[in-house]
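**Q** One-letter residues, chain by chain:
There are 2 protein chains.
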Amino acid sequence: HTKTKKAGQLFSGLLALNVVFLGSAFICGMLFNGMAVTLTDVWLLLATLKVLSLLWLLYYEITTTRKSRAVLHQDPQAGPIWVRGSLVLFGSCTICLNVFRVGNAVSHADCKSHLELAFPIIQIMFVSVQTWVLWKHCKDCMQFQTNLTRCGLMLTLATDLLLWILAITNDSMHHEIRAELDTHLEKSSGNLSSFCVCINNTACLVFQKGSLMLYPFNTEYCLLCCTMLFVMWKNVGRHLAAPARPPPSTPPFRLSGVLGPLLGLLALVAGICIFVLFQIQANGPDIARRYFTLYYAFYVAVLPAMTLASLAGAAVYLLEERELDVLKNPTRSLDVVLLMGAALGPMGIAYFSLVATVATHPRRPLSRLILAYSLLLVLQHIAQNLFIIGGLHRRLLCEAEPARRSSLLDLSQDLRRAYFHSYSRLNWKQIVLKEIALFLILCNIVLWMMPAFGVHPEFENGLEKDFYGYRTWFTIVNFGLPLGVFYRMHSVGGLVEVYLEA
Amino acid sequence: HTKTKKAGQLFSGLLALNVVFLGSAFICGMLFNGMAVTLTDVWLLLATLKVLSLLWLLYYEITTTRKSRAVLHQDPQAGPIWVRGSLVLFGSCTICLNVFRVGNAVSHADCKSHLELAFPIIQIMFVSVQTWVLWKHCKDCMQFQTNLTRCGLMLTLATDLLLWILAITNDSMHHEIRAELDTHLEKSSGNLSSFCVCINNTACLVFQKGSLMLYPFNTEYCLLCCTMLFVMWKNVGRHLAAPARPPPSTPPFRLSGVLGPLLGLLALVAGICIFVLFQIQANGPDIARRYFTLYYAFYVAVLPAMTLASLAGAAVYLLEERELDVLKNPTRSLDVVLLMGAALGPMGIAYFSLVATVATHPRRPLSRLILAYSLLLVLQHIAQNLFIIGGLHRRLLCEAEPARRSSLLDLSQDLRRAYFHSYSRLNWKQIVLKEIALFLILCNIVLWMMPAFGVHPEFENGLEKDFYGYRTWFTIVNFGLPLGVFYRMHSVGGLVEVYLEA
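Protein chains in written order, with the numbering used here: chain L, 4 to 505; chain V, 4 to 505.
No lab work stands behind these hints, which were simulated from the structure alone.
Among these hints, one or two may not hold up.
Because identical chains share one entry, a pair is satisfied inside a single copy or across any pair of copies.
[Said to hold, decoys possible] Below, simulated DMTMM-like cross-link-like pairs (lysine to aspartate or glutamate); rule was C-alpha separation at most 25 Å, straight line:
(1) LYS9 <-> GLU504
(2) LYS70 <-> ASP469
(3) LYS9 <-> GLU323
(4) LYS8 <-> GLU323
(5) LYS468 <-> ASP174
(6) LYS237 <-> ASP44
(7) LYS468 <-> ASP44
(8) LYS237 <-> ASP338
(9) LYS8 <-> GLU500
(10) LYS468 <-> GLU179
(11) LYS8 <-> ASP469
(12) LYS8 <-> GLU504
(13) LYS8 <-> ASP113
(14) LYS8 <-> ASP338
(15) LYS9 <-> ASP174
Being a predicted model, the structure only gives us computed values, none of them experimental.
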């Protein structure tokens, strides 16, 4: 049994590896030799992969509904509700983006090829079916045709990964839209251009602005699908030790604490004000420098507070004499890896900013703010990771113990519930931890919201763009920003757990 | 205890991550904006890191000799003799390379800064001390000052990683030498150039040719040090379950088989002939096309034979009814990860070649040969990985069982020795496996030798260089080739194990 499992994992992994390599070579060829390999070639390859994945996803859906014994177990820890919710949110945004692309292609019908109409339509179908199947089946432990399932999952994962690589390196859409916006400006000043212009001007502007705004959700969506497909792939053929056992119920969420939520709400309100100001300004041609100053000043105020709160929380752990849960726990290991991995993105951007700012000898106040922002961002990520990872290893021991007798389990759960309902028994350390966790949750929500909904001063302030060149900085930001958004989402999840278990 | 271990690993890992990010940002800044961040800045950063690592390595050496209780256990599986041998070989080559650099800087003394003399000298000191410490201590399980040791090891690892990143992206040395060689040609044809020329012409030529030839060993050395330091880092604070237990003795090496060794020797002799022809030709200004044809034809002949042999071996595993050893085994997991990871390099090169060849519409016979070569290379890597990984999971079960009583262990080892000494008991499957393993060992040795000692037709044939551009292809080849050499070395190690255990 284990032999076939290992062999199947190896084989499907190799399949994905080869597909990813082939696609990457295509994309690199396009980037460095646009004459020999065109964007259309890359799109053709991706459309083939998408159609294959689509067929497989439909086949999977049909088998699991036909065969009642195909899925015996469900992994209770896979696909929590916030992951599935973000999947649907990002999926809808990606579909909107592609609808805008179709609209853009239709309004330029006289000068664009029909292929440019076909590709977004295939993408819409692929995203819809994938979102639906993942929503429904992300907890499955497939027992039927395991090798075929592994290969299919890996093919879909490779397709998503290639879509992500293309999205973070291919800036042609941005170039095209910018060129066209410039043409509009020229036309209004009287110049006649030979550039392809669209039929309906207002609709075009909506499509183009919308595409630019929805673009980050596309990369976000691909990343999320990759992690969910990976979890499904790991679960193929898995027999859970105790399928009848209920998932460990987390204690109910009850608000406690005063100072933490208040400070967090303050940060939330301030963040929303800056966000609204920035979005209004972003409609103009250029964003005034004082808005950048405002944005960075907000970060420079919030980040040290978050760092100090995380460090204080980590110090409380050291004071506690609670036993550590050091048992092997695959879900927690994946959580820790995702948290650390996602932090690589924003930390990478921060270091690149740092070098760019230092190398250009900052004199302007804005450059100094950016310098402070980058340094504080790195420190904040390190401190928050220490706090969350420490908290995840601090879970109550009764949960880690395997249930020998179900009566004992019930008893211990009842005890825990009673424990959590009696807040009078909370000691000062637990109160401090709860306050800190709530403050960090609110701060992470506002720091998640701002980049997720289109505030990207890293790209628009121009300092790093001039230093590294447009394409390099585009790739760095497009690699790091979606990981940063993912990091904030994931840390909110982790912090909620820390809050509940404190 | 586990709490401090986890915390120490997390903290030292974060330290290394930050150092690597800072260094990468410096290197990227240099690549994309050479005016603001110069190569000297990067060298200064690296020299600082090297001096810090050097001091720490000396401190480690002193503590371990002073404190007799600092290292209680030795990990018997870490640092086998072939790894330590390659460490010394590559280390000496790196030192030679830096001696040549010093010589080059001295002979250009009038037009180069003194810093260019200082950096290779620091590098020589760093490499010597690091090689010495790793040779002596790579099996250590350090018990004393574990957190400091972890941080020191991670600092050294980060330094090696940054040296590797710089080596694979920085082509300035190659540019400089090529420009100077061109100047020599111009001068001999009568033109006077303002370019910096060296004092002693013959010595210069030796230094420059030598630097170009020894360059790949440098990258190889950094990679090897990284893996050894990582193993040492994992072993810090580890208590081995049975320190008194002798390491599992592998059966003695005895040659068996006729057809495999003969075919392998044939490939070896043919490979050496082509290698010598190529090296003689490489002294001329341009390598004639027929030598490339010869080289690729050799590969196109050998690779299918290796693929078929690996697949036949994998088929024999399926026929066997032997129990699989599926116990957790950290050394084997690391072996498998390294084998798969190292295969990424040559497979990446092959896919990039493939796309370049197909996109330029191959008509010439040489292009078609390159196409076949790339495809076969991918297939060979996949098949060989399947064969070796299957073999590693097939170890005799008595080895996997933990020793309850030492008398039982001795008995089982005696039994095993008796088993291996009586070749009459080998059945046909074992004979086939031994033949295949020997053939693959010899083939891998020849495929290791050719790129390791300076035959790089991927770079010199010009097809991919023209397609992707000089710098991109330089980075891809410099990333993939050392990994490919590492892969061949590592598979020889794995195949020897498969041969012995068959």
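**Q** How do LYS8 and GLU323 come out at 25 Å by Cα distance, when the copy is not named: within, between, both, or neither?
**A** Intra 42 Å, inter 17 Å, cutoff 25 Å: inter-copy only.
**Q** Please work out whether the CA atoms of LYS468 and ASP174 approach to 25 Å or closer within one copy, between two copies, in both situations, or in neither?
**A** Result: close both inside a copy and across copies, 14 Å intra and 24 Å inter.
**Q** How do LYS70 and ASP469 come out at 25 Å by Cα distance, when the copy is not named: within, between, both, or neither?
**A** neither (58 Å within a copy, 54 Å between copies)
**Q** How would you label the pair LYS237, ASP338 (within, between, both, or neither) given a Cα cut-off of 25 Å?
**A** Intra 14 Å, inter 21 Å, cutoff 25 Å: intra and inter.
**Q** Is it within, between, both or neither when you check LYS237 against ASP44 at 25 Å Cα-Cα?
**A** neither (33 Å within a copy, 45 Å between copies)
**Q** Since the copies are identical, ignore which copy is meant and state whether LYS9 and ASP174 lie within 25 Å (CA to CA) inside a copy, between copies, both or neither.
**A** neither (40 Å within a copy, 42 Å between copies)
**Q** State whether the alpha carbon distance between LYS468 and GLU179 is at most 25 Å within one copy, between copies, both, or neither.
**A** within (18 Å within a copy, 29 Å between copies)
**Q** Evaluate LYS8 and GLU504 at a C-alpha cut-off of 25 Å and name the case that applies: within, between, both or neither.
**A** Between. Shortest inter-copy distance 23 Å satisfies the 25 Å Cα cut-off; intra-copy 36 Å does not.
**Q** Is it within a copy, between copies, both, or neither that the alpha carbon of LYS468 lies no farther than 25 Å from that of ASP44?
**A** between (29 Å within a copy, 21 Å between copies)
**Q** At 25 Å max between alpha carbons, let me know whether LYS8 reaches ASP113 within a copy, between copies, both or neither.
**A** neither (54 Å within a copy, 66 Å between copies)
**Q** Between LYS9 and GLU504, at a C-alpha cutoff of 25 Å, which is it: within one copy, between copies, both, or neither?
**A** between (36 Å within a copy, 20 Å between copies)
**Q** How do LYS8 and ASP469 come out at 25 Å by Cα distance, when the copy is not named: within, between, both, or neither?
**A** Answer is neither; intra-copy 51 Å and inter-copy 44 Å both fail.
When the structure is compared with the earlier hints, violations turn up for hints 2, 6, 11, 13 and 15 and for no others.
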